[in-house]
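Colleague: Sequence:
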Amino acid sequence: MNKRKMHVIDTARELFIKHGYHATSIQDILEASGISKGSFYNYFSSKSELFQSVFSSMFALLRERRDALVVGKDLKDPTIFIEQMVLLMGNNDKIKIQELINDVMISNDLELIAFIKNFRYFMIVWVNERLMDILPSDKKEHSFDVTLQFMGLTHMMFEMNRAVNKKYTNEEMIRYALDQSLLLVQHSDVMATPLFTNQDIADYFPQIEGGIDNKRRLTLVTMNLKKALDTKSNLSEGDNDYLTKMLFFIQKNILDENFSDDFIFESFTLSIEKVLHNKEIEEYCVYRTFLRELLNEH
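In my numbering, the protein residues as written are 1 to 298.
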C-alpha cells in the first residue's frame with residue numbers, strides 16, 4: 001500500500017480512538033496527517049471509506065496475532081481459545097472498539113452500518129468455529145446455542161465490570177463465561193433439538209442487511225475482501241491492481257446467467273489465488289463461498 005495512504009490511515013485511527021468517528025472531521029485528518037484535500041480524495045471517496053480502511057487494518061493485524069496463538073497447539077484445548085479471547089478483548093479495551101462501533105451505529109450511513117454488522121458476523125462465525133473445535137463430537141449440533149450464550153454473557157460481564165471499576169480480569173470473566181456456556185451442552189438432552197442451528201448462521205448474514213438481494217451481498221463481500229487486500233503488505237502494487245480489476249469484473253458480470261458453470265468458478269478462484277498468496281484469508285473464504293452459492297443458484 002502507498003506509504004502516504006497508510007500514514008493517513010494510521011493518523012485517522014489515532015483521531016478516531018481519541019475523539020470518536022463523528023467528532024473527527026476530514027479537516028482534522030488533513031491537518032494531522034499533513035496532506036491536501038485532493039490527496040485525501042485520491043485515496044478515499046469519503047470519511048466512511050477511510051473508517052472502513054482503519055477498521056480493517058486494525059483487525060487484520062489482530063487476526064494475525066490471534067491465529068498465531070494456535071500454531072502448533074491443540075485446537076480442542078479450551079485454554080487456547082481463552083487466550084485468543086483475552087487477546088481480542090484486551091485490544092478492544094485498548095482501542096475503544098465498542099465505543100467506536102456505538103458511534104458508527106447511530107449514523108445515517110447505511111454502508112458503514114452494514115460494514116460493522118459484517119464484522120460482527122465474522123466474529124460470530126469465528127467463535128462458533130472455535131467452539132466446534134472444543135465441543136465433543138456428539139454435542140457439536142449445539143455449537144450455535146453455546147456461541148450465542150458465550151458471546152452474550154461475555155458482553156454483559158464486560159459491561160458490568162467497567163461499571164464496578166474492573167473488579168475482575170478479562171481472563172477471569174472469559175473463563176467463567178466459557179465454563180457457564182459449556183454447561184449448556186451438558187444438559188442439552190433436555191432439549192429435543194438445538195434452539196438454533198449452524199444453518200442459522202448462514203441465514204443470519206442476509207438478515208442483518210434487512211433481506212438484501214444477491215447483488216447487494218456481492219457488493220458487500222467484494223468490498224470487504226478488497227479492503228482486506230489493501231492491508232496486505234506482501235502484495236505488490238501490480239498484484240493489488242490485478243486483483244482489484246478481477247474483483248470488479250466478477251462483480252459486474254457474475255449475475256449474468258452465462259456465468260453459471262464450474263469452469264467459470266474455478267477460473268475465477270484460480271486467477272485470484274494465483275496472486276493472493278494466502279487463500280485462507282477470512283474475507284476471501286466468505287467471498288469464495290458466496291460466489292459458489294451464486295453460481296449454483298444460476
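Heads up, a few of these hints could be off.
[Stated by the list, open to error] BS3-like cross-link-like pairs, simulated, lysine-lysine; straight-line CA separation at most 27 Å:
{"no.": "1", "residue 1": "Lys-166", "residue 2": "Lys-96"}
{"no.": "2", "residue 1": "Lys-47", "residue 2": "Lys-96"}
{"no.": "3", "residue 1": "Lys-5", "residue 2": "Lys-76"}
{"no.": "4", "residue 1": "Lys-274", "residue 2": "Lys-5"}
{"no.": "5", "residue 1": "Lys-18", "residue 2": "Lys-47"}
{"no.": "6", "residue 1": "Lys-47", "residue 2": "Lys-245"}
{"no.": "7", "residue 1": "Lys-117", "residue 2": "Lys-73"}
{"no.": "8", "residue 1": "Lys-47", "residue 2": "Lys-73"}
[As the list claims (entries may be wrong)] With beta-carbon atoms standing in for the labels, derived distance ranges:
{"no.": "9", "residue 1": "Thr-79", "residue 2": "Gly-152", "range": "44 to 54 Å"}
{"no.": "10", "residue 1": "Glu-273", "residue 2": "Val-71", "range": "21 to 31 Å"}
{"no.": "11", "residue 1": "Thr-79", "residue 2": "Met-156", "range": "21 to 31 Å"}
{"no.": "12", "residue 1": "Glu-31", "residue 2": "Leu-87", "range": "48 to 58 Å"}
{"no.": "13", "residue 1": "Gly-152", "residue 2": "Glu-266", "range": "25 to 35 Å"}
{"no.": "14", "residue 1": "Asn-253", "residue 2": "Asn-161", "range": "48 to 58 Å"}
{"no.": "15", "residue 1": "Glu-49", "residue 2": "His-277", "range": "16 to 26 Å"}
{"no.": "16", "residue 1": "Ser-271", "residue 2": "Lys-167", "range": "25 to 35 Å"}
{"no.": "17", "residue 1": "Thr-289", "residue 2": "Asn-234", "range": "15 to 25 Å"}
{"no.": "18", "residue 1": "Met-6", "residue 2": "Ile-101", "range": "45 to 55 Å"}
Worth flagging that the hints you see were computed from the coordinates, not collected in a lab. Every residue gets a Cβ at the ideal spot worked out from N, C-alpha and C, and that includes glycine.
Colleague: Each of the hints needs a verdict: does it hold here or not?
Modeller: We went through each hint and held it up to the structure:
{"no.": "1", "hint": "Lys-166 with Lys-96", "verdict": "15 Å, holds"}
{"no.": "2", "hint": "Lys-47 with Lys-96", "verdict": "19 Å, holds"}
{"no.": "3", "hint": "Lys-5 with Lys-76", "verdict": "41 Å, violated"}
{"no.": "4", "hint": "Lys-274 with Lys-5", "verdict": "26 Å, holds"}
{"no.": "5", "hint": "Lys-18 with Lys-47", "verdict": "16 Å, holds"}
{"no.": "6", "hint": "Lys-47 with Lys-245", "verdict": "23 Å, holds"}
{"no.": "7", "hint": "Lys-117 with Lys-73", "verdict": "31 Å, violated"}
{"no.": "8", "hint": "Lys-47 with Lys-73", "verdict": "41 Å, violated"}
{"no.": "9", "hint": "Thr-79 with Gly-152: 44 to 54 Å", "verdict": "22 Å, violated"}
{"no.": "10", "hint": "Glu-273 with Val-71: 21 to 31 Å", "verdict": "22 Å, holds"}
{"no.": "11", "hint": "Thr-79 with Met-156: 21 to 31 Å", "verdict": "23 Å, holds"}
{"no.": "12", "hint": "Glu-31 with Leu-87: 48 to 58 Å", "verdict": "34 Å, violated"}
{"no.": "13", "hint": "Gly-152 with Glu-266: 25 to 35 Å", "verdict": "40 Å, violated"}
{"no.": "14", "hint": "Asn-253 with Asn-161: 48 to 58 Å", "verdict": "50 Å, holds"}
{"no.": "15", "hint": "Glu-49 with His-277: 16 to 26 Å", "verdict": "25 Å, holds"}
{"no.": "16", "hint": "Ser-271 with Lys-167: 25 to 35 Å", "verdict": "54 Å, violated"}
{"no.": "17", "hint": "Thr-289 with Asn-234: 15 to 25 Å", "verdict": "23 Å, holds"}
{"no.": "18", "hint": "Met-6 with Ile-101: 45 to 55 Å", "verdict": "23 Å, violated"}
Of the hints listed earlier, those the structure fails to meet are numbers 3, 7, 8, 9, 12, 13, 16 and 18, in rising order.
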